[in-house]
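J.: Below, each chain spelled out in residue letters.
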Amino acid sequence: AQSVTQLGSHVSVSEGALVLLRCNYSSSVPPYLFWYVQYPNQGLQLLLKYTSAATLVKGINGFEAEFKKSETSFHLTKPSAHMSDAAEYFCAVSESGGYNKLIFGAGTRLAVHP
Amino acid sequence: GAVVSQHPSRVICKSGTSVKIECRSLDFQATTMFWYRQFPKQSLMLMATSNEGSKATYEQGVEKDKFLINHASLTLSTLTVTSAHPEDSSFYICSARDPTVVNTGELFFGEGSRLTVL
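Chains as they are written, first to last, in the numbering used here: chain X, 1 to 114; chain R, 1 to 118.
Since the hints were derived computationally from the structure, they do not count as laboratory data.
All C-beta atoms, glycine included, are put in the ideal place defined by N, C-alpha and C.
Among the hints, erroneous ones may be present.
With a cut-off of at most 25 Å between alpha-carbon atoms, the simulated DSS-like pairs for lysine-lysine come out as follows [what the hints assert, rightly or not]:
1. 41(R) to 66(R)
2. 101(X) to 41(R)
3. 55(R) to 66(R)
4. 66(R) to 101(X)
5. 64(R) to 14(R)
6. 58(X) to 68(X)
7. 55(R) to 101(X)
8. 55(R) to 14(R)
9. 101(X) to 14(R)
10. 69(X) to 58(X)
11. 20(R) to 64(R)
12. 64(R) to 101(X)
Restraint-style ranges between C-beta atoms, simulated for each label pair [as the list claims (entries may be wrong)]:
13. 54(X) to 63(R): 41 to 51 Å
14. 86(R) to 69(X): 24 to 34 Å
15. 51(R) to 15(X): 39 to 49 Å
16. 16(R) to 83(X): 17 to 27 Å
17. 111(X) to 114(R): 18 to 28 Å
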């Protein structure tokens with residue numbers, strides 16, 4: 001069965017600092033991996049996705065993530081945090097082929113302080 | 001990009017009444033939609049997979065008689081919470097796949113509907 005583990009339910013960084021949100025997955029087949037962002041009382045917006053092409057994936061708002069099969073990880077990074085990055089971030093996994101449901105991690109709440 | 005819209009965004013109802021939430025794909029036809037439930041400060045839990053023209057597939061532990069899902073057209077799925085109780089209060093989010101997009105498993109999400117049962 002697939003699963004996603006997000007280490008750290010809360011992450012706090014200073015504005016301008018590096019953002020690192022951790023995600024590890026478990027899948028018996030090559031996975032598709034996603035990072036979504038959720039602002040308060042809103043739905044989810046796709047930040048980026050890995051679908052077996054380049055292992056380093058660039059997304060919107062300056063975010064990127066690297067797929068590391070040996071570590072079963074897909075950590076999300078951004079070189080310089082902005083106040084507007086404060087939100088809830090979810091990592092999700094789907095079996096390759098994409099016809100399957102998404103399984104979400106518990107989420108990480110990112111706080112950015114001046 | 002593909003747009004999914006939910007209505008209403010907020011609804012308050014009395015205990016024992018039923019509430020319907022609509023999920024529409026605005027610029028594509030969605031043969032499959034998914035309904036998620038999110039409790040405060042928690043992740044999204046998949047409730048059911050809604051298939052156009054057929055019965056929904058419910059996840060284990062989800063009461064299909066309480067959470068009625070109808071997917072009568074390629075652009076509309078509805079979730080009806082029947083005989084709502086305060087414990088049904090939650091944030092409900094629908095999502096859909098755009099079949100015209102090269103299939104990557106990506107889901108497009110609605111804005112969510114916050115249900116409060118008094």
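J.: Hint by hint, say whether it matches the structure.
T.: Going through the hints against the structure:
Annotation: proposed proximity of residue 41(R) to residue 66(R) holds, straight-line Cα distance about 24 Å (limit 25 Å). Distance restraint check for residue 101(X) and residue 41(R): the Cα-Cα separation of roughly 22 Å lies within the 25 Å cut-off, and the hinted pair is therefore satisfied. For the suggested pair residue 55(R) and residue 66(R), the alpha carbons sit about 14 Å apart, so the restraint of at most 25 Å is met. For the given pair, residue 66(R) sits about 22 Å from residue 101(X) by alpha-carbon distance, which is consistent with the 25 Å threshold.
Distance hint between residue 64(R) and residue 14(R) is fulfilled; the C-alpha atoms sit about 21 Å from each other, no more than 25 Å. For the proposed pair residue 58(X) and residue 68(X), the alpha carbon gap of about 15 Å is at most 25 Å, so the pair holds. Of the pairs offered as hints, the one joining residue 55(R) and residue 101(X) holds, with about 17 Å between alpha carbons and a cut-off of 25 Å not exceeded. Taken as a hint, the residue 55(R) and residue 14(R) pair is broken in the structure, with Cα atoms around 28 Å apart against an allowance of 25 Å.
Simply put, residue 101(X) and residue 14(R) have alpha-carbon atoms about 33 Å apart, too far for the 25 Å limit, and the pair is violated. Under the criterion of a C-alpha separation no larger than 25 Å, the hint pairing residue 69(X) with residue 58(X) is consistent with the structure, at around 17 Å. Distance check on the hinted pair: residue 20(R) and residue 64(R) sit about 14 Å apart at the alpha-carbon level, within 25 Å; holds. This hinted pair checks out: residue 64(R) and residue 101(X) have alpha carbons roughly 18 Å apart, not beyond 25 Å.
Distance hint for residue 54(X) and residue 63(R): a CB-CB separation of about 43 Å, consistent with the stated range 41 to 51 Å. Checked against the given bound of 24 to 34 Å, the beta carbons of residue 86(R) and residue 69(X), roughly 45 Å apart, lie outside it. Taking the beta carbon of each, residue 51(R) and residue 15(X) are about 45 Å apart, inside 39 to 49 Å as hinted. About 44 Å separates the C-beta atoms of residue 16(R) and residue 83(X), a value inconsistent with the hinted range of 17 to 27 Å.
Distance hint for residue 111(X) and residue 114(R): a CB-CB separation of about 23 Å, consistent with the stated range 18 to 28 Å.
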